[in-house]
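*Asks:* Sequence:
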Amino acid sequence: MPNFINIRLWKPGIKKSEQYKSFQRNCLIREFECRQKQARQLEKQVSSILIELEKHLSSIDYVNVKKFCYDSASRVHTKVMQTHKDKLEKLNRGPIGQNYDEMKLKLIHNISSHTLSQVEERLLCRGWDFCIENKTTNFLDFETDLELNVMKLQSHCHDSVFRSICRKIHNASQQLIRTSKHKKISNLSDEELAALKSLKSNNNIVICKADKGNCIVILDKEAYMKKADDILKGEQFEPLNNDKFHREREEELNKYIFSLFKKGVIDNKLRYQLQSTCSSISVFYGLPKVHKTGYPIRPIISTIGSYQYQLSKYLAKAIRDARPQAKSYIKDSFEFVKRIKEIVLNKEKTYIMCSFDVESLYTNVPIEEAIETTLNYIYKPTKLIDVPFDKEQMRILLNLSIRDAPFRFQNKIYKQIDGVAMVTQQEDKLITALYRKPTHTGLYMLWDSSQNRRYKLGLIKTLVIRIYRICSSKEIITKELNLLRVTLTNNGYQPHIIKRDAQQPILLSEPAYGLTINESLSIDPIITNIYRRFQIQSSTIDFIEVIHDFN
Numbered sequence: 059m060p061n062f063i064n065i066r067l068w069k070p071g072i073k074k075s076e077q078y079k080s081f082q083r084n085c086l087i088r089e090f091e092c093r094q095k096q097a098r099q100l101e102k103q104v105s106s107i108l109i110e111l112e113k114h115l116s117s118i119d120y121v122n123v124k125k126f127c128y129d130s131a132s133r134v135h136t137k138v139m140q141t142h143k144d145k146l147e148k149l150n151r152g153p154i155g156q157n158y159d160e161m162k163l164k165l166i167h168n169i170s171s172h173t174l175s176q177v178e179e180r181l182l183c184r185g186w187d188f189c190i191e192n193k194t195t196n197f198l199d200f201e202t203d204l205e206l207n208v209m210k211l212q213s214h215c216h217d218s219v220f221r222s223i224c225r226k227i228h229n230a231s232q233q234l235i236r237t238s239k240h241k242k243i244s245n246l247s248d249e250e251l252a253a254l255k256s257l258k259s260n261n262n263i264v265i266c267k268a269d270k271g272n273c274i275v276i277l278d279k280e281a282y283m284k285k286a287d288d289i290l291k292g293e294q295f296e297p298l299n300n301d302k303f304h305r306e307r308e309e310e311l312n313k314y315i316f317s318l319f320k321k322g323v324i325d326n327k328l329r330y331q332l333q334s335t336c337s338s339i340s341v342f343y344g345l346p347k348v349h350k351t352g353y354p355i356r357p358i359i360s361t362i363g364s365y366q367y368q369l370s371k372y373l374a375k376a377i378r379d380a381r382p383q384a385k386s387y388i389k390d391s392f393e394f395v396k397r398i399k400e401i402v403l404n405k406e407k408t409y410i411m412c413s414f415d416v417e418s419l420y421t422n423v424p425i426e427e428a429i430e431t432t433l434n435y436i437y438k439p440t441k442l443i444d445v446p447f448d449k450e451q452m453r454i455l456l457n458l459s460i461r462d463a464p465f466r467f468q469n470k471i472y473k474q475i476d477g478v479a480m481v482t483q484q485e486d487k488l489i490t491a492l493y494r495k496p497t498h499t500g501l502y503m504l505w506d507s508s509q510n511r512r513y514k515l516g517l518i519k520t521l522v523i524r525i526y527r528i529c530s531s532k533e534i535i536t537k538e539l540n541l542l543r544v545t546l547t548n549n550g551y552q553p554h555i556i557k558r559d560a561q562q563p564i565l566l567s568e569p570a571y572g573l574t575i576n577e578s579l580s581i582d583p584i585i586t587n588i589y590r591r592f593q594i595q596s597s598t599i600d601f602i603e604v605i606h607d608f609n
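Reminder that position 527 of the sequence shown reads as 585 in the numbering used here, one-by-one numbering, no gaps.
No lab work stands behind these hints, which were simulated from the structure alone. Note that this is a predicted model, so its numbers are computed, not measured. C-beta: ideal position from N, C-alpha, C; glycine also. Incorrect hints may have been included.
Claimed, not checked - Derived lysine-lysine pairs resembling DSS-like cross-links, with alpha carbons at most 25 Å apart:
| hint | residue 1 | residue 2 |
| --- | --- | --- |
| 1 | Lys438 | Lys371 |
| 2 | Lys267 | Lys350 |
| 3 | Lys405 | Lys532 |
| 4 | Lys164 | Lys258 |
| 5 | Lys557 | Lys519 |
| 6 | Lys279 | Lys320 |
| 7 | Lys313 | Lys385 |
| 8 | Lys495 | Lys532 |
| 9 | Lys267 | Lys162 |
| 10 | Lys519 | Lys537 |
| 11 | Lys396 | Lys532 |
Stated by the list, open to error - Restraint-style ranges between C-beta atoms, simulated for each label pair:
| hint | residue 1 | residue 2 | range |
| --- | --- | --- | --- |
| 12 | Asp278 | Leu149 | 41 to 49 Å |
| 13 | Ser171 | Gln94 | 35 to 43 Å |
| 14 | Gln99 | Asn64 | 26 to 34 Å |
Make the full structure from the sequences, and use the hints.
*Replies:* This is the structure in structure tokens:
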């Protein structure tokens, strides 16, 4: 903290209190506002002086004077900014913020005709997961969302515990609202906010996420449209002239679901779960493949909110429960390392490890054959899953779910006719290390992103645990930890935080958690943040974050 807000107190212990820290923050904000006000006044004075000079000087003299003033101001600005940077780095005991100069070549792929300014590059280097810190302005919606999410907890805990939870969440949310009303400092500069609006209003380019790697691709809109049109001209897609096709398919699905209810095949609860109301049409978009020449796009059809979305989720779970786990199935890299750890190799033999990939798997799945294979497995010789449908009813539901699915691209409607939306040898043992794809950018959650501090500290611990669980030798672990420190520093993490949290973790074979709030409960992350920020505790429930994918 600056010296002018280090106040000598008659009780030294008060310095650790939240009230004292809040007072220091308010002093900083007022000083910041005062300096901003002075800067605006000086800008007005400079503008008025230049206007007067323009009246009394010739055009050549005026341009020279203006250039002289600009050059002088630039020199002073550069010197002052360097001084501030040195002070901040000394205070932080390391670099400040993201090292985007080193990372931008991996993070941004600009293949458009638009030339990005330095501010626009700086903005895009922050990545898709960067959260802009904004004030909460609509407090009614904020409180309503809290109430809706808290109600989901009621059936999972005792009434007295639930009342205690509600009371503490209410107090915490009110404190958050009071703090938000006076928040004026954003984690984006005014120039970056202006660049964000400028890029958003540019209708000649498309900014999208890459298919692999946490990077951003900028394309000309015409080039993006051409790549998408080339895919949509394929045999598995067909353009539609009937704007009512989507509603007709929705009505067809609802009629069949209602007929199953009338026959007593399904109950009222399952009927309302599977039927569709006020659905939206699926959306087609493409993700550029930065690891391929020419940046081809991978077609994606987002069915969230479509008429068959809930039915597809229900059928997918039923099929997944009936499907046996293949012997070749590997859950993740941790399980792979665990399996090969005890393998003993014959030194006299030569081994080759390979894996196979199917090109454009989902868009090339033959629907008819896939449905028949699924039905033959589930219902032969006896039904393997606990669903109320017979084989013919299941066939109709599968067809309604995936066949002739309509989707939208720009202002055109289509339907999908077919398809559906490092190890080396040493002696006789296998040593394992982390492998990074060529598309790896080194971008993680930035330290100055407006996300809970616990998520950022948890990211460090997660990456450290991954190193210790996968790497098999001390030399490799040391090398990976050093690389991790450099990567986190480039993402704006303070050196003392990296040093403190990048310690060897205690690896547990099985996590010992309390009551787990799983994905079916869909608890909003903000509740977890409030719990952990204000240390709300309960003897009955331990909360674990539900990680949502916002992409």
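*Asks:* For this structure, which hints from the list above don't hold up?
*Replies:* As far as the earlier hints go, 6 and 7 are violated by this structure, in ascending order.
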